[in-house]
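> All the letters of the sequence shown, read from the start, carry residue numbers -21 to -1, 1 to 157 under mature numbering (1 follows the signal peptide of the UniProt record, and there is no 0).
Every clue listed holds true.
Derived pair list, reagent style DSSO-like, types lysine-lysine, alpha-carbon separation capped at 30 Å:
no., residue 1, residue 2
1, LYS43, LYS73
2, LYS88, LYS30
3, LYS141, LYS24
4, LYS73, LYS40
5, LYS130, LYS30
6, LYS88, LYS24
7, LYS30, LYS3
8, LYS130, LYS73
9, LYS75, LYS43
10, LYS40, LYS75
11, LYS24, LYS73
12, LYS141, LYS30
13, LYS88, LYS130
14, LYS40, LYS24
15, LYS141, LYS3
16, LYS88, LYS75
17, LYS30, LYS43
18, LYS146, LYS3
19, LYS130, LYS75
20, LYS73, LYS88
21, LYS146, LYS24
22, LYS88, LYS43
Quick list of simulated restraints, FRET-style, between CB atoms:
no., residue 1, residue 2, range
23, ASP38, LYS3, 36 to 42 Å
24, LYS73, ASP38, 18 to 24 Å
25, LYS73, GLU2, 31 to 37 Å
26, LEU140, LYS88, 31 to 37 Å
27, GLU47, ASP137, 39 to 45 Å
28, GLU2, ASP57, 35 to 41 Å
29, ALA148, LYS73, 34 to 40 Å
30, GLN119, ASN45, 35 to 41 Å
31, ALA117, GLU2, 35 to 41 Å
32, ASP38, LEU135, 32 to 38 Å
33, SER116, LYS30, 17 to 23 Å
34, TRP49, SER116, 22 to 28 Å
It should be emphasised that the hints constitute simulated quantities derived from the structure, not laboratory data.
Each residue gets a CB set at the ideal place from its N, CA and C atoms; glycine is no exception.
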Amino acid sequence: MTLKPLSAAFYFMCLPGLAAAGEKTVYGLNEYAALQGIDLEVAAKLDTGAKTASLSARDIKRFKRNGESWVRFYLAIDAAHSHPIERPLARVSKIKRRAGDYDPEEGKKYTARPVIELDICMGSALRSIEVNLTDRSAFQYPLLIGSEALKRFDALVDPSLKYAAGKPACANAAHTAE
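Sequences and hints are given; from them, build the entire structure.
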(Lines of atoms letter the chains of each structure in order from A and count residues from 1; the text may use other names and numbers.)
(Lines give C-alpha, C1' and ligand atoms only; values in the text may rest on other atoms or scores of the structure.)
Protein backbone atom coordinates (compact mmCIF):
# COMPACT_ATOMS: atom_id res chain seq x y z
CA MET A 1 0.00 0.00 0.00
CA THR A 2 1.33 3.44 -0.97
CA LEU A 3 0.56 6.46 1.19
CA LYS A 4 -0.10 9.76 -0.55
CA PRO A 5 1.56 12.88 0.86
CA LEU A 6 -0.95 15.00 2.71
CA SER A 7 -1.58 18.57 1.66
CA ALA A 8 -0.43 21.51 3.75
CA ALA A 9 -4.09 22.49 4.15
CA PHE A 10 -4.77 19.18 5.90
CA TYR A 11 -1.99 19.83 8.42
CA PHE A 12 -3.20 23.39 9.09
CA MET A 13 -6.79 22.18 9.63
CA CYS A 14 -5.85 19.26 11.90
CA LEU A 15 -2.99 20.96 13.71
CA PRO A 16 -3.98 24.61 14.25
CA GLY A 17 -0.71 25.33 16.05
CA LEU A 18 1.06 24.81 12.73
CA ALA A 19 -0.74 27.80 11.19
CA ALA A 20 0.49 30.07 13.98
CA ALA A 21 3.99 28.61 13.59
CA GLY A 22 4.02 29.66 9.95
CA GLU A 23 3.70 33.30 11.01
CA LYS A 24 6.72 33.20 13.33
CA THR A 25 10.38 33.90 12.60
CA VAL A 26 12.81 31.01 12.93
CA TYR A 27 15.93 31.89 14.89
CA GLY A 28 18.91 29.72 15.69
CA LEU A 29 20.27 28.74 19.08
CA ASN A 30 22.62 31.72 18.74
CA GLU A 31 21.91 35.02 17.01
CA TYR A 32 23.56 38.39 16.54
CA ALA A 33 21.80 41.09 18.53
CA ALA A 34 22.27 44.84 18.21
CA LEU A 35 21.78 46.76 21.46
CA GLN A 36 20.16 49.98 20.29
CA GLY A 37 21.25 53.11 22.13
CA ILE A 38 24.45 51.41 23.24
CA ASP A 39 25.72 51.01 19.67
CA LEU A 40 26.93 47.48 20.21
CA GLU A 41 26.39 44.15 18.48
CA VAL A 42 26.85 40.96 20.50
CA ALA A 43 26.34 37.25 20.06
CA ALA A 44 23.31 36.09 22.03
CA LYS A 45 22.14 32.70 23.25
CA LEU A 46 18.42 32.07 22.82
CA ASP A 47 17.22 30.01 25.77
CA THR A 48 13.59 28.88 25.90
CA GLY A 49 14.26 27.39 29.35
CA ALA A 50 15.08 30.79 30.85
CA LYS A 51 12.22 33.18 31.53
CA THR A 52 14.10 36.48 31.43
CA ALA A 53 16.85 38.05 29.35
CA SER A 54 20.23 38.78 30.95
CA LEU A 55 23.01 41.15 29.88
CA SER A 56 26.58 40.86 31.14
CA ALA A 57 27.27 43.86 33.36
CA ARG A 58 29.61 44.75 36.22
CA ASP A 59 29.86 47.47 38.87
CA ILE A 60 26.07 47.75 38.93
CA LYS A 61 24.89 50.64 41.11
CA ARG A 62 21.37 51.90 41.72
CA PHE A 63 20.87 55.64 42.22
CA LYS A 64 18.19 58.33 42.16
CA ARG A 65 17.81 60.93 39.42
CA ASN A 66 15.01 63.49 39.75
CA GLY A 67 13.29 61.20 42.25
CA GLU A 68 13.35 58.21 39.85
CA SER A 69 15.33 54.99 40.30
CA TRP A 70 18.16 54.52 37.81
CA VAL A 71 21.01 52.06 37.38
CA ARG A 72 24.62 52.70 36.30
CA PHE A 73 26.73 49.81 35.03
CA TYR A 74 29.61 48.84 32.80
CA LEU A 75 29.33 46.13 30.18
CA ALA A 76 31.24 43.03 31.28
CA ILE A 77 32.10 42.02 27.75
CA ASP A 78 35.67 43.11 27.09
CA ALA A 79 38.15 45.84 27.99
CA ALA A 80 36.82 48.12 25.23
CA HIS A 81 33.68 48.88 27.24
CA SER A 82 35.11 51.09 29.96
CA HIS A 83 32.44 53.83 29.94
CA PRO A 84 29.43 53.73 32.26
CA ILE A 85 25.92 53.22 30.93
CA GLU A 86 22.93 54.73 32.74
CA ARG A 87 19.33 53.63 32.27
CA PRO A 88 16.08 54.01 34.21
CA LEU A 89 15.40 51.05 36.49
CA ALA A 90 12.31 49.19 35.24
CA ARG A 91 12.08 46.90 38.26
CA VAL A 92 14.08 44.46 40.38
CA SER A 93 13.63 40.79 39.57
CA LYS A 94 14.11 37.75 41.76
CA ILE A 95 16.09 35.08 39.95
CA LYS A 96 16.07 31.56 41.34
CA ARG A 97 19.58 30.45 42.27
CA ARG A 98 20.98 27.23 40.89
CA ALA A 99 21.68 24.45 43.38
CA GLY A 100 25.42 25.18 43.19
CA ASP A 101 24.82 28.87 43.96
CA TYR A 102 22.66 28.29 47.01
CA ASP A 103 24.35 29.05 50.33
CA PRO A 104 22.33 27.52 53.19
CA GLU A 105 23.92 29.93 55.68
CA GLU A 106 22.69 32.91 53.67
CA GLY A 107 19.25 31.34 53.35
CA LYS A 108 18.25 33.10 50.10
CA LYS A 109 17.07 30.94 47.24
CA TYR A 110 16.76 34.01 45.02
CA THR A 111 19.10 36.75 43.93
CA ALA A 112 17.80 40.28 43.22
CA ARG A 113 18.81 41.76 39.87
CA PRO A 114 18.10 45.20 38.44
CA VAL A 115 16.06 45.16 35.22
CA ILE A 116 16.19 47.75 32.45
CA GLU A 117 14.26 48.19 29.20
CA LEU A 118 16.49 47.75 26.17
CA ASP A 119 15.77 47.94 22.45
CA ILE A 120 17.25 44.89 20.76
CA CYS A 121 17.45 44.13 17.05
CA MET A 122 17.68 40.55 15.78
CA GLY A 123 17.51 40.09 12.04
CA SER A 124 15.05 42.78 10.92
CA ALA A 125 12.96 42.75 14.12
CA LEU A 126 13.42 45.51 16.70
CA ARG A 127 11.78 44.95 20.08
CA SER A 128 11.88 46.61 23.45
CA ILE A 129 12.52 43.92 26.07
CA GLU A 130 13.30 43.73 29.77
CA VAL A 131 16.88 42.70 30.51
CA ASN A 132 18.29 41.90 33.93
CA LEU A 133 21.87 42.91 34.66
CA THR A 134 24.37 40.37 35.98
CA ASP A 135 27.99 39.43 35.41
CA ARG A 136 27.96 36.84 32.62
CA SER A 137 31.69 37.12 31.87
CA ALA A 138 32.14 33.43 32.80
CA PHE A 139 29.71 32.49 30.03
CA GLN A 140 30.37 32.33 26.29
CA TYR A 141 27.51 34.69 25.37
CA PRO A 142 27.16 38.13 26.99
CA LEU A 143 23.43 38.24 26.22
CA LEU A 144 20.91 35.54 27.06
CA ILE A 145 17.44 35.96 25.58
CA GLY A 146 14.76 34.09 27.53
CA SER A 147 11.21 33.04 26.74
CA GLU A 148 9.49 36.33 27.65
CA ALA A 149 11.61 38.23 25.13
CA LEU A 150 11.33 35.44 22.56
CA LYS A 151 7.55 35.83 22.69
CA ARG A 152 7.93 39.52 21.82
CA PHE A 153 10.03 38.52 18.79
CA ASP A 154 7.39 35.94 17.70
CA ALA A 155 10.29 33.52 17.68
CA LEU A 156 10.58 29.85 16.95
CA VAL A 157 13.99 28.57 18.03
CA ASP A 158 15.62 25.81 16.01
CA PRO A 159 18.59 24.63 18.08
CA SER A 160 20.18 23.01 15.02
CA LEU A 161 20.71 26.49 13.51
CA LYS A 162 23.12 29.29 14.37
CA TYR A 163 22.77 32.91 13.26
CA ALA A 164 19.74 32.10 11.08
CA ALA A 165 18.51 35.73 11.14
CA GLY A 166 21.85 37.07 9.90
CA LYS A 167 23.31 40.39 10.99
CA PRO A 168 20.91 42.85 12.65
CA ALA A 169 19.31 45.16 10.08
CA CYS A 170 16.86 47.42 11.95
CA ALA A 171 16.16 51.08 11.41
CA ASN A 172 17.24 52.95 14.55
CA ALA A 173 14.22 55.21 14.70
CA ALA A 174 11.18 52.94 14.56
CA HIS A 175 10.16 49.60 16.01
CA THR A 176 8.93 46.99 13.61
CA ALA A 177 5.40 45.69 14.13
CA GLU A 178 4.91 43.92 17.45
